[in-house]
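Participant: As a plain string of letters, each chain reads:
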Amino acid sequence: MTFKKRLLAVAAGVALLALPLAANAHRGWILPSATVLSGESAWVGVDAAVSNELFYADHNAMRLDAITVTTPDGSVEKVQNPFTGKYRSVFDVPLSKPGTYKIGSFSNTVMASWTENGEVKRFRGSPEDFAKQVPAGAADLKTIKSSNRNETFVTRDAPTTTVFAPTGKGLELVPVTHPNDVVSGEAATFKFLLDGKPAADLEVTFAPGNSRYRATPGDFKVKTGADGSFKVTFPEAGMYWMNAVVRTGETGRRPEGGPPGGPGGPGGGMGGMPGMGGPGGGQQGPATPLAGNGMSASYTATLEAQRP
Amino acid sequence: MKRSLSLLTFSALGAAGVATPALAADLNVTVEVPRLTVAEYHKPYVSIWIENPADATAAGTLAVWYDADSKEDKGVKWLKDMRQWWRKAGRTMSFPADGVSGATRAPGPQKLVFSGAKGPLKDLKPGQYNLVVEAAREVGGQEAVRVPFTWGKPGAPATAKGATELGAVTVAVK
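Protein chains in written order, with numbering that gives the first Met the number 0: chain C, 0 to 307; chain Y, 0 to 173.
Just so you know, these hints were derived from the structure itself, not from any lab. Since we're looking at a predicted model, the values are computed, not measured. Among the hints, erroneous ones may be present.
Said to hold, decoys possible - Listed below are the simulated DSS-like cross-link pairs for lysine-lysine, each with C-alpha atoms no more than 30 Å apart in a straight line:
| # | chain 1 | residue 1 | chain 2 | residue 2 |
| --- | --- | --- | --- | --- |
| 1 | C | Lys77 | Y | Lys117 |
| 2 | Y | Lys73 | C | Lys190 |
| 3 | Y | Lys110 | C | Lys96 |
| 4 | C | Lys77 | Y | Lys42 |
| 5 | Y | Lys87 | C | Lys96 |
| 6 | Y | Lys73 | C | Lys96 |
| 7 | Y | Lys73 | C | Lys230 |
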């Protein structure tokens, strides 16, 4: 990693967990200590980090600001005992109710450029702020919308499905097989929605944990069908990192930020964040307009395949 | 009062002569809890359940041995370690479960009789099943042993043997 990229990573700071994580880019993960639990005294401890190897915290801690816990009855709680170290963040989730919990974050970001009085203006922020701060009918308006979801699921006693109710925003996982009912060697079926509609022909990457102990990482890919669903059989029990990204139009990635276009480039992890610290972005010099419109939606989850 | 009632039911069915034979039978099970020479020994948690061999679903739980008296977690915290049973049956049950919950047992052969007039056996349709005994031991391992049996008529005992956490498991319909 070059010094410049290090700076970029630092600058990305808060937003790091929300980046669209491409195949070889640093991977954000939320790793629970257990996914299947019993009894009312059950807790899970969770590690959250951004790293290349799974699941080894050796790069950056994931910021906890955006991480929430959705309980089986749909209510949202904060994490407990949060701590952010150099390489990883840690927190606890008491499972006070029976059923399935979702632990994770969702972010929605709009980048825009437009012309006002002959000057190029730039915006980056939430869709709500975009609506407030960017004038309606702005000249030369270009937008790049990105959404990022990163989550994991844990279940105390019998699994429930309240936390999977689609919101219609970004890429979402719909369980056909419940994520906490996945067993190695058995086919599991999941479905992806993009903005509430089946995400057809979507490439889904699975990367098994413990890659440090293998010469080859062991990643594999599957594709969704027309209805957004796909089948996957986990070869071995263990934790898996699942990721899917939809990207169309402009990515906002700058040519000098890494090989353009390809998600596999080392700059991939910075995708969707142009000008971050680079020329033309932020306060340095005159703003450069976005090259065009675009969108990206990324989904990441950490799933456990149980031993049979 | 209860006992005499069920006796009455029995004789009535017997007199009718067309009662399903299942009702008259008991399931005799012997589970050997192995004696293990380990530094830290805890008696295993054990679940005993009936499995439909066709689709590997559970057809009922006969017994669960665990530490229900544990002040810390009432023993339920570790029930999920009997992973196959937990997935197929345990996670939808509530504990303690009447007629199912029991204390952990010491090493040696444990002789059990499950009455065909009670619990999941009462409504079990005649046919082929597996009796599954699954053990999970604190700081130890987990193992499930399956023994096939035919419900509905008395049969010769069948035996299967565990390798690590369970010894011989013998099942006979009588």
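Participant: State for each hint whether it applies.
Facilitator: Do the hints match the structure? See the list:
Taking the CA atoms of Lys77(C) and Lys117(Y), the gap is near 46 Å; set against the 30 Å cutoff, the hint is violated. Our distance criterion of 30 Å between C-alpha atoms is broken by Lys73(Y) and Lys190(C), whose separation comes to about 38 Å. Taken as a hint, the Lys110(Y) and Lys96(C) pair is broken in the structure, with Cα atoms around 37 Å apart against an allowance of 30 Å. Simply put, Lys77(C) and Lys42(Y) have alpha-carbon atoms about 38 Å apart, too far for the 30 Å limit, and the pair is violated.
For the hint pairing Lys87(Y) with Lys96(C), the CA-to-CA distance comes to about 20 Å; that is within 30 Å, so the pair holds. Using a Cα cut-off of 30 Å, the hinted pair Lys73(Y) and Lys96(C) holds, with the two alpha carbons roughly 16 Å apart. Of the supplied pair hints, the one linking Lys73(Y) and Lys230(C) is violated, its CA atoms being roughly 39 Å apart against a limit of 30 Å.
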